[in-house]
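Undergrad: Modelling step: build the complete structure from the supplied sequences, incorporating the hints.
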Amino acid sequence: MKQIFLNPLGVRPLSEFSYGGEVIAEPDGSTLSDTEWADYLFNVDSAPGVKLEWWRHVPTGIWFRLRRDTFSDEFIACESTEAARR
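Under my numbering, the first residue of the sequence shown is numbered 93, with each subsequent residue one higher.
Derived by calculation from the structure, the hints in this document are not laboratory data.
Each hint should be verified, as a subset may be incorrect.
[Stated by the list, open to error] Keeping only pairs whose Cα atoms sit at most 16 Å apart, straight-line, the calculated EDC-like set for lysine to aspartate or glutamate is:
#	residue 1	residue 2
1	K94	D165
2	K143	E108
3	K143	E114
4	K94	E166
5	K94	E114
6	K143	D165
7	K143	E171
8	K94	D137
9	K143	D126
TA: So, in structure tokens, the structure goes:
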């Protein structure tokens, strides 16, 4: 069974987590054309590789960032809650 280590909760089963999407810097919408804004909203890089993603521990509601290889589905590193706020 896959598990994630989330400090300070320790190792928890994957079933306790929900995926929140890839961490992507949001551009300033007031400076983009409609075409550029639509491109940001609807076109994503779905190529497999190492991605920084938002995840949530459902029982506690804690959001954190997790670096994951989407090709092998390997969890590489978990950022602390404090680091995820930056």
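Undergrad: Now tell me, hint by hint, if it's right for this structure.
TA: Going through the hints against the structure:
1. Taking the CA atoms of K94 and D165, the gap is near 10 Å; set against the 16 Å cutoff, the hint holds.
2. In summary, the hint linking K143 to E108 is not supported, as the alpha carbons are separated by about 20 Å, beyond the 16 Å threshold.
3. Taking the CA atoms of K143 and E114, the gap is about 7 Å. The hint holds against a cut of 16 Å.
4. Our distance criterion of 16 Å between C-alpha atoms is met by K94 and E166, whose separation comes to about 9 Å.
5. Taken as a hint, the K94 and E114 pair is broken in the structure, with Cα atoms around 20 Å apart against an allowance of 16 Å.
6. Proximity of K143 to D165 is assessed by CA-CA distance (about 10 Å); at most 16 Å being required, the pair is judged to hold.
7. For the proposed pair K143 and E171, the alpha carbon gap of about 13 Å is at most 16 Å, so the pair holds.
8. With a CA separation close to 25 Å, the supplied pair K94 and D137 exceeds the 16 Å bound.
9. Taking the CA atoms of K143 and D126, the gap is near 27 Å; set against the 16 Å cutoff, the hint is violated.
Taken one by one, the earlier hints fail for this structure at numbers 2, 5, 8 and 9, listed in ascending order.
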